[in-house]
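Residues per chain are reported as follows:
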Amino acid sequence: MVSKVDVAVIGAGPAGLAAAISARERGAERVIIIERAERLGGLLPQCVHNGFGLLYFEKDMTGPEYEKAFVDKANSLKVEFMLETMVIDLNEEGMLTVVNRQQGYKKIKPGAIVLAMGCRERPRGALGIPGERPAGIFTAGTCQRFVNVEGFMPGSRYVVLGSGDIGMIMARRLTLEGAKVEAVVEIMPWPGGLIRNEVQCLHDFGIRLLLEHTITFIHGKRRIKGVTVAKVDRDLRPIKGTERFFPCDCLLISAGLIPENELSKKAGIELDLVTGGPVVDQNRQTSVPGIFAGGNVVQVHDLVDWVSWEAELAGAAAASYADKGKIKRADQIRMVAGENIKYVVPQYISGKDDVTLHLRVSRPGLRANLKVGNILSKRFRSVRPSEMIILDIKAEKLRDARTLKELVVDCKLEGGD
Amino acid sequence: MSKIETEVLIIGAGVLGAATARELSRYKVDVTLVEKEVDVGWGITKANVGVVCQGRDTLEFRPEYHRTKLLWKALPLMEPLCKELDVPFKRVGAYLMIRNLARKDKLDKLAKRTESLGLGTDTYLPYSELKKREPFISRDIKGGLYDHAIAVVHPVCLTQALAENAVQNGVNLMLETEVEEIQTGDSYFSVRTNQGEIKTRYIINAAGEWVDKIAAMVNADDFVLFPIKGYVGVLDRDCSELAKSLLAILPEEPGDMNIVVPTVEGNLLFGIQLQINRRHDHSTTEHMARKALENVRKIIPEISEKDIINSFCGYLMFRNFEIGWHECEVAMSSRVSRFVNMTIGYPGVSASPGAALEVVEILRNDGLRLDPNPKFNPYRKGIPDFSVLSEKERKALIKKDPKFGHLVCRCEMVTEGEITEAIKRGATTLDGVKFRVRPGTGRCQGGFCGPRVTRILARELGIPETEVTKAGKGSAVVPLRTKQLLEEGN
Chain X
1 MVSKVDVAVI GAGPAGLAAA ISARERGAER VIIIERAERL GGLLPQCVHN
51 GFGLLYFEKD MTGPEYEKAF VDKANSLKVE FMLETMVIDL NEEGMLTVVN
101 RQQGYKKIKP GAIVLAMGCR ERPRGALGIP GERPAGIFTA GTCQRFVNVE
151 GFMPGSRYVV LGSGDIGMIM ARRLTLEGAK VEAVVEIMPW PGGLIRNEVQ
201 CLHDFGIRLL LEHTITFIHG KRRIKGVTVA KVDRDLRPIK GTERFFPCDC
251 LLISAGLIPE NELSKKAGIE LDLVTGGPVV DQNRQTSVPG IFAGGNVVQV
301 HDLVDWVSWE AELAGAAAAS YADKGKIKRA DQIRMVAGEN IKYVVPQYIS
351 GKDDVTLHLR VSRPGLRANL KVGNILSKRF RSVRPSEMII LDIKAEKLRD
401 ARTLKELVVD CKLEGGD
Chain P
1 MSKIETEVLI IGAGVLGAAT ARELSRYKVD VTLVEKEVDV GWGITKANVG
51 VVCQGRDTLE FRPEYHRTKL LWKALPLMEP LCKELDVPFK RVGAYLMIRN
101 LARKDKLDKL AKRTESLGLG TDTYLPYSEL KKREPFISRD IKGGLYDHAI
151 AVVHPVCLTQ ALAENAVQNG VNLMLETEVE EIQTGDSYFS VRTNQGEIKT
201 RYIINAAGEW VDKIAAMVNA DDFVLFPIKG YVGVLDRDCS ELAKSLLAIL
251 PEEPGDMNIV VPTVEGNLLF GIQLQINRRH DHSTTEHMAR KALENVRKII
301 PEISEKDIIN SFCGYLMFRN FEIGWHECEV AMSSRVSRFV NMTIGYPGVS
351 ASPGAALEVV EILRNDGLRL DPNPKFNPYR KGIPDFSVLS EKERKALIKK
401 DPKFGHLVCR CEMVTEGEIT EAIKRGATTL DGVKFRVRPG TGRCQGGFCG
451 PRVTRILARE LGIPETEVTK AGKGSAVVPL RTKQLLEEGN
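Chains X and P, in that order, give the protein sequences. If you're matching positions, the first sequence starts at 1 in the working numbering and goes up one per residue. If you're matching positions, the second sequence starts at 1 in the working numbering and goes up one per residue.
Heads up, a few of these hints could be off.
As the list claims (entries may be wrong) - Derived coverage of chain X by chain P (criterion: at least 3 residues anywhere in the stretch with Cβ under 8 Å from a Cβ of chain P; other residues may be distant):
(1) 101-107
(2) 114-125
(3) 173-185
Claimed, not checked - Not the full set, but computed from the structure, chain P residues with beta-carbon under 7 Å of chain X:
(4) S283
(5) T284
(6) E286
(7) A289
(8) P301
(9) S304
(10) I309
(11) N310
(12) K395
(13) L407
(14) Q445
(15) P451
(16) G474
(17) V478
(18) L480
(19) L485
Claimed, not checked - No more than 16 Å apart at the CA atoms, straight line, and that leaves these computed lysine to aspartate or glutamate pairs for EDC-like:
(20) P:K403 with X:E38
(21) P:K483 with X:E177
(22) X:K265 with P:E286
(23) P:K403 with X:E150
(24) X:K405 with X:D331
(25) P:K483 with X:E150
(26) X:K265 with P:D236
(27) X:K266 with P:D238
(28) X:K240 with P:E286
(29) X:K221 with P:D281
(30) X:K265 with P:E241
(31) X:K180 with P:E488
(32) X:K225 with P:D281
(33) X:K180 with P:E487
Calculated from the structure, these hints are not laboratory results. Ideal Cβ placement from N, Cα and C applies to all residues, glycine included.
Please model the complete structure; the sequences and the hints are all you need to start from.
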């Protein structure tokens, strides 16, 4: 056993760093971050593009700059780190089993735990794209690591499947590296990532975005030689006769991120089928007391700034829990995703304190009217599933809702789809 | 280009070739095993789902068929063989089920035959009983026959172990060696390969998917091959509880295979959607994927598209398919002496120990002197599998080699220690490592561990990362350095 740990944070990405800092600032004595990789920062070191910290620091930073700000702070607060250490088990009592080279096999029972494992990319196999199985198929994030951290290029001519943010950012990055990006292929009628990435990464570099298209076949025995792309109908099925061949020596897949919750499952934590992350209350406490969660492990965010903020909530609550043995549950009111709402996080709120809701719509549209029960309504000129909506609600607004068990959030589209 | 002389040349290091090489390594005979790929077991062996048939699974296993005989010969051998080679062998049992009570007579017939042949007793269970044992099966299932003996192995791991043990006992294994031409002499063959010439007294043609092409080089192709393509889907480990045993539906039409198979690693495979196909096309198709999913949902309705983490296609190479499924031959060619064809079609993995023994007999009967090899050691130690070890074993392993404390693949819980050991045993590619110790086979499919395994391969093999391949020549993982394109462009 490692001697008494107040808060153990799993993952040293932006969420883990923010949670650990906030736990220390809230008075937790000993805070340890357990990280499987060989360095801190999670995916930040490979995100060499800008656009980080605009909200949090009100400054345009790159991923490594954003990371450094947090790592410096964590160091000054004497947060401890265990690198190249894998948490291989987490049980309902909050006992962690960790493995690394130096200490071997260890069990740790901290006062509280913050889950900050982030998310992973959906791979090719899960998409079931028909065709051969050659070399040269990567998820966009894996390619990003090869190019920006390892210093290697997987190919010179690319097609990107899916228009997630990493996919669009990599399309630009590879173009800057002298590669040719033939197309970004998106099955939906709208891009999967942020508008700013669509503009800055694709339009500004003349990279074509094929909406309502998908890859119907992967060609190439040893190395990928090209892909067949077809237009899809309303049911997302390829339309015969619209097939086109795009030659490439590399296919990147940017088709969704999945919160990484294998450990959460081991601990018996209740998961939300829509977000893929734990069901959390306002303090980011999961269904297992003493285990908190923040960042992309809870819900896939658009911006790292929100990851940090959410993880700070979890870190602070974990520190209080470690101090007092428990904290008041903030789960008096259940938040319900109503019309055109995909999900709302947190799933439970206290009704007594100010709260920030994170939510996504199911369909994009113009002139949207967002309503939280009958306590709040807000108008938006347009909404898209890829742009998370952040809604602050003051405690006094919730006064009338306190007796309620649920609050339904709706987003009616008045300007049509 | 080298010139090699050998007594027995085995062409193809799939499960049949490797099993034969290992069997022959019991004797003082010079054996060379050539494989055109960069690793063993990568032809039709790779796409085999690993079921060890028990000779009574289908009415197709008629006692008079040659392949049934080979299989029966192999029946008692497979489990001890796996023990010797330290590869997993799991008796999972199987339920052969029906969705229409009118087909129960088929099952009765099968059960009766099993008993009369002395192969054991299979019990028929009605739906209510099946449901207790396999709670996730469809309500449309009426009943099924339980065969406790059905087992599973990992076909590629078995082949690797067979080849490793054969090499340990003196067999010369040549990888990336493709046979281009064979000349028949009076008492030897002269075989031209891309790696030089091999002079050999005997040839064992175990070329799997290409067995007819090799046979044709010496005019020993007195048979026609029918490639039957099969689609197999891989389910996430989260689905593992959906089937404890192999679940199959009695084919409603000939060749209409519909099974769910637990693998030795614990996840489930499903398929097999079959179709006659042009050879060498290993692509999956939307049609096959859809049909296979539709089919498997007749067994377990809960399985959905979201549960599939991977899929692949492989081939069953049937011989003279037009006269029936039963045609199979492991025999000296009737046209060319000292040339043995191995064409089993199905079930190749299950029958391989029997087929290997058969080849030894054929060679002995032809006058090849087979004195026991005094140095033969049947045992081969497997690579430790960190994910299944106890706490005590894990601690001991990390103490011995700290690399076992470094987890590289989180999905399948694979350590750096296992990866370096796989490379020591002959893995030279990403797939080679993957097929030995599994990094990249889990739900993220190598997203996290891919760059790390690439780096370990480069380090252990002493090559630049740009030369590390997925599966041999022409499949470099990251062929270029960053900035290289810009420099070349200028």
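Comparing the hints with the structure gives:
1. Here's how the region 101-107 of chain X fares: 5 of its residues keep a CB closer than 8 Å to some CB of chain P, so the rule of at least three is met and the hint holds.
2. For the region 114-125 of chain X, the stated coverage by chain P is satisfied: 5 residues place a CB nearer than 8 Å to a CB of that chain, which reaches the threshold of 3.
3. Chain P is given as covering the region 173-185 of chain X, and this holds because 3 residues of the stretch bring a CB closer than 8 Å to a CB of that chain, at least three being needed.
4. For S283 of chain P, the shortest C-beta to C-beta distance to chain X is roughly 5 Å, which falls under 7 Å, so the interface hint holds.
5. A distance limit of 7 Å between C-beta atoms decides the matter here; for T284 of chain P the minimum to chain X is near 5 Å, and the interface restraint holds.
6. For E286 of chain P, the suggested interface contact is upheld, since its CB lies about 5 Å from the closest CB of chain X, less than 7 Å.
7. A distance limit of 7 Å between C-beta atoms decides the matter here; for A289 of chain P the minimum to chain X is near 6 Å, and the interface restraint holds.
8. A cut of 7 Å between beta carbons decides the hint on P301 of chain P: the least distance to chain X is about 18 Å, and the hint is violated.
9. Annotation: S304 of chain P was flagged as interfacial toward chain X, and the flag is violated, the nearest CB pair being 12 Å apart, outside 7 Å.
10. The interface hint given for I309 of chain P is met, as the beta carbon of that residue sits about 5 Å from the closest beta carbon of chain X, less than 7 Å.
11. Interface hint status for N310 of chain P: upheld, as the beta-carbon distance to the closest one in chain X is roughly 3 Å, under 7 Å.
12. A hinted interface residue such as K395 of chain P counts as satisfied when its beta carbon comes closer than 7 Å to some beta carbon of chain X; here the least separation is about 5 Å, so the hint holds.
13. About 4 Å separates the beta-carbon of L407 of chain P from the nearest beta-carbon of chain X, less than 7 Å, and the hint is met.
14. Because the beta carbon of Q445 of chain P sits about 4 Å from the nearest beta carbon in chain X, less than 7 Å, this interface hint is met.
15. Hint status for P451 of chain P: holds, given a least beta-carbon distance of 5 Å to chain X, under 7 Å.
16. Residue-level restraint check for G474 of chain P holds (minimum Cβ-Cβ distance to chain X is 4 Å; threshold 7 Å).
17. Hint on V478 of chain P holds. Least Cβ distance to chain X is approximately 4 Å, under the 7 Å limit.
18. Of the supplied interface hints, the one on L480 of chain P holds, with its beta-carbon coming within about 4 Å of a beta-carbon of chain X, less than 7 Å.
19. Checking L485 of chain P against chain X: minimum C-beta separation of about 3 Å stays under 7 Å; hint holds.
20. With a C-alpha separation of about 14 Å, the suggested pairing of K403 of chain P with E38 of chain X holds against the 16 Å cut-off.
21. With a CA separation close to 6 Å, the supplied pair K483 of chain P and E177 of chain X stays within the 16 Å bound.
22. For the hint pairing K265 of chain X with E286 of chain P, the CA-to-CA distance comes to about 32 Å; that exceeds 16 Å, so the pair is violated.
23. This hinted pair does not check out: K403 of chain P and E150 of chain X have alpha carbons roughly 21 Å apart, beyond 16 Å.
24. With a C-alpha separation of about 10 Å, the suggested pair K405 of chain X and D331 of chain X falls inside the 16 Å cut-off, and the hint holds.
25. At roughly 12 Å between alpha-carbon atoms, K483 of chain P and E150 of chain X fall within 16 Å of each other, so this suggested pair holds.
26. Restraint check for K265 of chain X and D236 of chain P: satisfied, since their Cα atoms lie roughly 14 Å apart, inside the 16 Å limit.
27. Proposed proximity of K266 of chain X and D238 of chain P is supported: the alpha carbons are some 11 Å apart, at most 16 Å.
28. Pair hint K240 of chain X plus E286 of chain P holds up; C-alpha atoms about 13 Å apart against a cutoff of 16 Å.
29. For the hint pairing K221 of chain X with D281 of chain P, the CA-to-CA distance comes to about 9 Å; that is within 16 Å, so the pair holds.
30. Restraint check for K265 of chain X and E241 of chain P: the C-alpha separation of about 15 Å stays at or below 16 Å, so the hint holds.
31. Annotation: proposed proximity of K180 of chain X to E488 of chain P holds, straight-line Cα distance about 14 Å (limit 16 Å).
32. Distance hint between K225 of chain X and D281 of chain P is fulfilled; the C-alpha atoms sit about 15 Å from each other, no more than 16 Å.
33. Only pairs whose Cα atoms come within 16 Å are accepted, and K180 of chain X paired with E487 of chain P is accepted, the gap being roughly 15 Å.
Of the numbered hints stated above, those contradicted by the structure are hints 8, 9, 22, 23, listed in ascending order.
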